[in-house]
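Trainee: Since chain A is already given, all that's left is putting chains B, C and D on it; use the hints.
4 protein chains.
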Amino acid sequence: MRSVAGAEAHVNFASDNAAGAHPNIMAALQEEAAKSGMPYGGDETTQGLETDLSRCFGREVWSFPVTTGSAANALALAVVTPPYGAVYCHQDSHINVDECGAPEFFTHGAKLICLPGDAGKLTPETLSLALARQRRGTVHAVQPAVVSLTQATEWGTVYTPEEVRALATLAHAHGLRVHMDGARFANAVAALGVSPAALTWEAGVDMLSFGATKNGALAAEAVIFFDSALVRDFAFRRKRSGQLLSKLRFISAQLRAYLQDDLWLTLAAHANLMAARLATGLARLPGVTLACPVEINEVFVHLPSPLVTRLRQAGFVFYDWPGDPLPFVRLVTAFNTPEASVDHFIEVAAR
Amino acid sequence: MRSVAGAEAHVNFASDNAAGAHPNIMAALQEEAAKSGMPYGGDETTQGLETDLSRCFGREVWSFPVTTGSAANALALAVVTPPYGAVYCHQDSHINVDECGAPEFFTHGAKLICLPGDAGKLTPETLSLALARQRRGTVHAVQPAVVSLTQATEWGTVYTPEEVRALATLAHAHGLRVHMDGARFANAVAALGVSPAALTWEAGVDMLSFGATKNGALAAEAVIFFDSALVRDFAFRRKRSGQLLSKLRFISAQLRAYLQDDLWLTLAAHANLMAARLATGLARLPGVTLACPVEINEVFVHLPSPLVTRLRQAGFVFYDWPGDPLPFVRLVTAFNTPEASVDHFIEVAAR
Amino acid sequence: MRSVAGAEAHVNFASDNAAGAHPNIMAALQEEAAKSGMPYGGDETTQGLETDLSRCFGREVWSFPVTTGSAANALALAVVTPPYGAVYCHQDSHINVDECGAPEFFTHGAKLICLPGDAGKLTPETLSLALARQRRGTVHAVQPAVVSLTQATEWGTVYTPEEVRALATLAHAHGLRVHMDGARFANAVAALGVSPAALTWEAGVDMLSFGATKNGALAAEAVIFFDSALVRDFAFRRKRSGQLLSKLRFISAQLRAYLQDDLWLTLAAHANLMAARLATGLARLPGVTLACPVEINEVFVHLPSPLVTRLRQAGFVFYDWPGDPLPFVRLVTAFNTPEASVDHFIEVAAR
Amino acid sequence: MRSVAGAEAHVNFASDNAAGAHPNIMAALQEEAAKSGMPYGGDETTQGLETDLSRCFGREVWSFPVTTGSAANALALAVVTPPYGAVYCHQDSHINVDECGAPEFFTHGAKLICLPGDAGKLTPETLSLALARQRRGTVHAVQPAVVSLTQATEWGTVYTPEEVRALATLAHAHGLRVHMDGARFANAVAALGVSPAALTWEAGVDMLSFGATKNGALAAEAVIFFDSALVRDFAFRRKRSGQLLSKLRFISAQLRAYLQDDLWLTLAAHANLMAARLATGLARLPGVTLACPVEINEVFVHLPSPLVTRLRQAGFVFYDWPGDPLPFVRLVTAFNTPEASVDHFIEVAAR
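Residue numbers (my numbering), protein chains in the order written: chain A, 109 to 459; chain B, 109 to 459; chain C, 109 to 459; chain D, 109 to 459.
Same shape as in the complex, but just chain A (with noise of 0.2 Å):
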């Protein structure tokens, strides 16, 4: 591991995981630390913290804090999904191309079923299509278990209720659950401008990754269930995974006061709203071409050789990702990015 120059705030285009976390978060965590709390989840913030999920999805919720958005999603996948299960999801889903391999591990090897769609998105005729080829009952196939979308999706864009809903309808007809990834859930639920019960159990999610990391959290994460039939064995599985933590209520006040007053989807719509910004800026310049709608805190752009090599001198930094036939990058902005820092990168640019 070595130091990576540009870690600042004003220059971080690389992740939202590269930020800090918010002073309220920090504020309900020193809070915590000054009392006892009775271990493994068994205490009074915990609780508090189902209350707090079943208020905002607007109906009772069965909620799980663990550490991190893999833990999230695997222990979510593998209560629905046997070992010869198969997970269907998209091929640049984070849970197929960026966790090592978590889902198949915590599944004991079910096969993700990776299908193709722009901006990140099935669509129902990509479902209809795979699942329709699967054989089921047939002793030689794996079985379908599972839809899992990304809300928002890894290429920035966002799943409408109306989508979501279509690819739900869809999933539980042919008898699959359906799991939802919200790594960026806050975002989503921020530019959609829907409650986050109608992103979720109305349009037919069983499952939510509902996270805080990404926006403004130490390390918080919650596994949300909307049929408690589903809840089953996830105690378990999390306890031996190592994602019980002894002083949980650690992580569920994180959560709570992410909640509170909404600050998590005026983290998310400020994040949002310096992505727009950028995307705004870049797309008037020259040779500059975006991979997709900039719809959440994530800007996918083509930019040409030497406005990349420009930038980096000029101390951003950002990934490149790969593209077909133009190369991108990817820029993300955080909670706290300043606007200051935006306009900057779009100045050294536009040089």
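Just so you know, these hints were derived from the structure itself, not from any lab. This structure is a prediction, so every number in the text was calculated from the model and none was measured. Be aware that one or more of the hints could be misleading.
If the Cβ cut is set under 10 Å, some of the chain D residues that face chain C in the computed set are [stated by the list, open to error]:
| id | residue |
| --- | --- |
| 1 | 128 |
| 2 | 130 |
| 3 | 133 |
| 4 | 140 |
| 5 | 142 |
| 6 | 179 |
| 7 | 183 |
| 8 | 210 |
| 9 | 212 |
| 10 | 216 |
| 11 | 325 |
| 12 | 326 |
| 13 | 327 |
| 14 | 351 |
| 15 | 352 |
| 16 | 359 |
Quick reminder that beta carbons are idealized off the backbone N, C-alpha and C, glycines included.
Mentor: The following block gives chains B, C and D in isolation, referenced to the frame of chain A:
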């Protein structure tokens, strides 16, 4: 999950992980929260931690922060244990009885071979006997891979450096690696007054689960390797198990503050002292029997049944512990247990 | 792999699986070889087998042929044991000591909880104690799922129907399922003179690994379910583990010939008789001690060291067996062990 | 499981594993059945097999008999693929679509990366592209471990030695191992008229699943290693998966008879010839289109719908096969398919 009264520090003797977090550790987190940093451990804090740990242990070490002791143990064991391997451990060890099969999960089904031993300690005699019984090279039998020692043990006792060395020498002679579960490593070091090196690599330990959570951190453990050949694929296994935090520096920061100015030993020494005071006070009472010597911050003690009732009625919280023929209770002190609480406990007990 | 002299039947007391195959079973294979048949069990022979087994057990059963006892046991256990589950078994059981961790592999890391017991037999007392110790519903502990009995046991003894019933009743009362490892089930039935039903479902057994390989087949075992609710996903697990033969009818044909006209019981009775004759002959000699009653086709016996040497010099093949304080040898007779061989063995021993 | 009419050889074109077993193989089993032999492969027949295979392949090989192709493939892959590894294969490969996730089970959750390719064949171009995409050394991504080629392919085509070499060279250059799924290896060798060596180790193949079951055996496959370094822990994995037969010599005996006097190539050549005859006859009919060249014993062909109906009404048995835009049927000939059956099929089709 129900609320539990009596979680407050001054009456809570249930566990050291019921305690909050130390102010120095919180301050380090606050500082980190105000900064950006490259994700997934590519940050300066995490790099600094490896340097700090190397200094602490008096030699170069390779370290990997994770969030729970179960994860630390299971990941370390998985690196050296094939699926058809065997892990030798005490029958009362945390990895055997308290992790819901985490070692089996992470190793993909290795077998824990559980040995008896007074006061939670393995002896060269029982280990030697067990190793002699196992059929090396025979495909019918799982193959010995590693010995796991808990330091301090689950019964609140410690291995001396000589005891560790005897076991490690035996293990190495049989081609096994040596793992130390150090969830309460600080308490052991403080109790013995020896160097961290003397208790680990100098005595033959290959890998250490270095715990901070029970001793003042929020959630911070590190797997420490003393042999670079063992590091191998640890990073992939950590990622795959959802234990690589995107904002890993928040774990690293806790550990750095924990090591700073020997805070970890100061805190452990306090907890140990409180347990000693508690044990001394209780041992004077009629009908009270200690299960084993009180060497760290845990007191396993038989109390007459009416006394147990009276203490609980007074608001004290602690767990029953299985014993034969006499049942025990477990009393655990923490880094912040007030002396007055201990005295109050003894006073109530003596009424 | 080195050549081993003395593999011939008349001097081989190493194992019943050193024997060849019975002519009737070979004839059935010949007949099958001359025919075509739908693959993967979609053939008439496999269907007929289920009917034959149902007749044999006096009720409807659900059966799945596989090729080894290890696979039969591990697959059966995997159907009822979650990865965080516990299997209760004797510490000397084949699933614990002789399958290189197959149960852990197929269950994805469940834990075998090994109990002591004279003559290889579990007792309600030890099982009851072990179940009482295990913390049901606590996420820290693996959860009891099934009890596995070996009939006949690894020490050549048998459970009576009453003994099976007592254990099964206890297991069921605690919500566990009951598996029987019947690698030598035929020997047990022949020894006890009771019906297959009496030893299994009538006594509370839920699943049986019905072995034929050790008693005259080439390679033929069947997992038999007495409760259709348990069949669940067995077929997927069998396929996934490479245990669904494309020409499955060749296993089924062996099993049908094995059942035909009670061939299985005739063969087992012969093997049992030879062991009894051997034991009787040896027991008369000075310095000879039987480890436990000889109830089937295995004799565990302490022989004076010079006697062991003399027998091996005479060409007899058999295994040493661990014992405490006295070492044993294991002598196994087979469906085709000649009476003359037994008498010759005794004669050499008596010289 | 329901009875299926038309399983008889003269009308069965469903699969080569619907066929019976060859008399020479049955004779070898008869001979073996009359003998005793040390269990678990410690017998002379199994040792002789390794010698026979070494002779067949023109060099020393290390061989392990198992009972199914799924087990052979999955075990071979598991030896070289860590749980966080990737297996590159054709999207239509048997390991991907027909083994219910066996490779994932045996590797503990490795990922199959599925590539397109005409006629079931991988090309250096698609493989090269896929390897370039995978991020080596990055903990977020599974790590490339092995390429698996099917010879002959699932579409009845063959790789030439040069094609194998090109893929193997590419794989080795990237540090991957090369596995060959040879369920129909005999058909490929017979079709190409080259030596077994030329198609395997001389072309860079590291491990071969050598199948005999589809070509006249009852149930006999062998995993063959051309590099002793890869053998590693195979024996433990085989045992642990229930694939080590106690009477292993009955598998070995089949394989020895199969190799004797090139029986395997004679049988495969016949099956290939029958398929060629079938294809030639059908290709002349109107509306009939071959999916790809008929190179071994499988014919993938589009037949007009009324023709399909007519053939089935005449009693012929064969499977529908997915195709786009035209649906296919698959016709498979076997080692014992009568020429008259082929002619009768063509005759009915031509009516």
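Trainee: Does each hint fit the structure? Answer for all of them.
Mentor: Quick rundown of the hints versus the structure:
no. : hint : verdict
1   : 128  : holds (4 Å)
2   : 130  : holds (8 Å)
3   : 133  : holds (8 Å)
4   : 140  : holds (7 Å)
5   : 142  : holds (6 Å)
6   : 179  : holds (3 Å)
7   : 183  : holds (8 Å)
8   : 210  : holds (5 Å)
9   : 212  : holds (8 Å)
10  : 216  : holds (9 Å)
11  : 325  : holds (8 Å)
12  : 326  : holds (4 Å)
13  : 327  : holds (5 Å)
14  : 351  : holds (6 Å)
15  : 352  : holds (7 Å)
16  : 359  : holds (8 Å)
No hint from the list above goes unmet by this structure.
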